[in-house]
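**Student:** Sequence:
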Amino acid sequence: MSTTKERTVKRFSEHSFNVQLQELERKVLPLIEQQRIILKEVGASSLAEFEALLNAKTNFVNANLSAQAMGVDNELKQLQEIESKLSKYDVSDEDVTAKGNFKTTYLSNLKERFTEYYTDTELDVLKMLKKTIESYNQIPYEYKDKIIINREKKMQFNPFNRL
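Using our numbering, the first residue of the sequence shown is number 262, and each one after it goes up by one.
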């Protein structure tokens, strides 16, 4: 039984999230689509599988030499370039649906990166501040000027305006 503590959201940077998502949709989704097309043409599910397939057919150790010998060196280079570009964005083929959209799990992980949560200390202080504000607001208006906050940030009676 896992005990997951409910965290309170402090801030969600929606703009940064949307900018990142648009960049990923503009740059990553076409790469993954292209990668899927090339992998389908060569009959493999991943770059590693394609390289292993080439090496098994030619009995070479180097996938580049195997690709040249089999005449698929352009496909191998394209797949390697796509793989290196995708590694910059930390996105893989598994993060994208068959229709070419990001999966909800990937989107929730992306949202998590732009979400900031309160710490336990901050929650305690927030509770204390709310209680203090509530108490201050209960003071009748004509007596509120009897209290000041000094330069040391301490609340005290106003020395020039006593009861």
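It should be emphasised that the hints constitute simulated quantities derived from the structure, not laboratory data. Do not take every clue at face value.
Stated by the list, open to error - No more than 25 Å apart at the CA atoms, straight line, and that leaves these computed lysine to aspartate or glutamate pairs for DMTMM-like:
no., residue 1, residue 2
1, K338, D354
2, K388, E377
3, K318, E286
4, K415, E403
5, K318, E342
**Student:** Please name the hints from earlier in the document that this structure breaks, with their numbers sorted from lowest to highest.
**Tutor:** Violated hint: only 3; rest satisfied.
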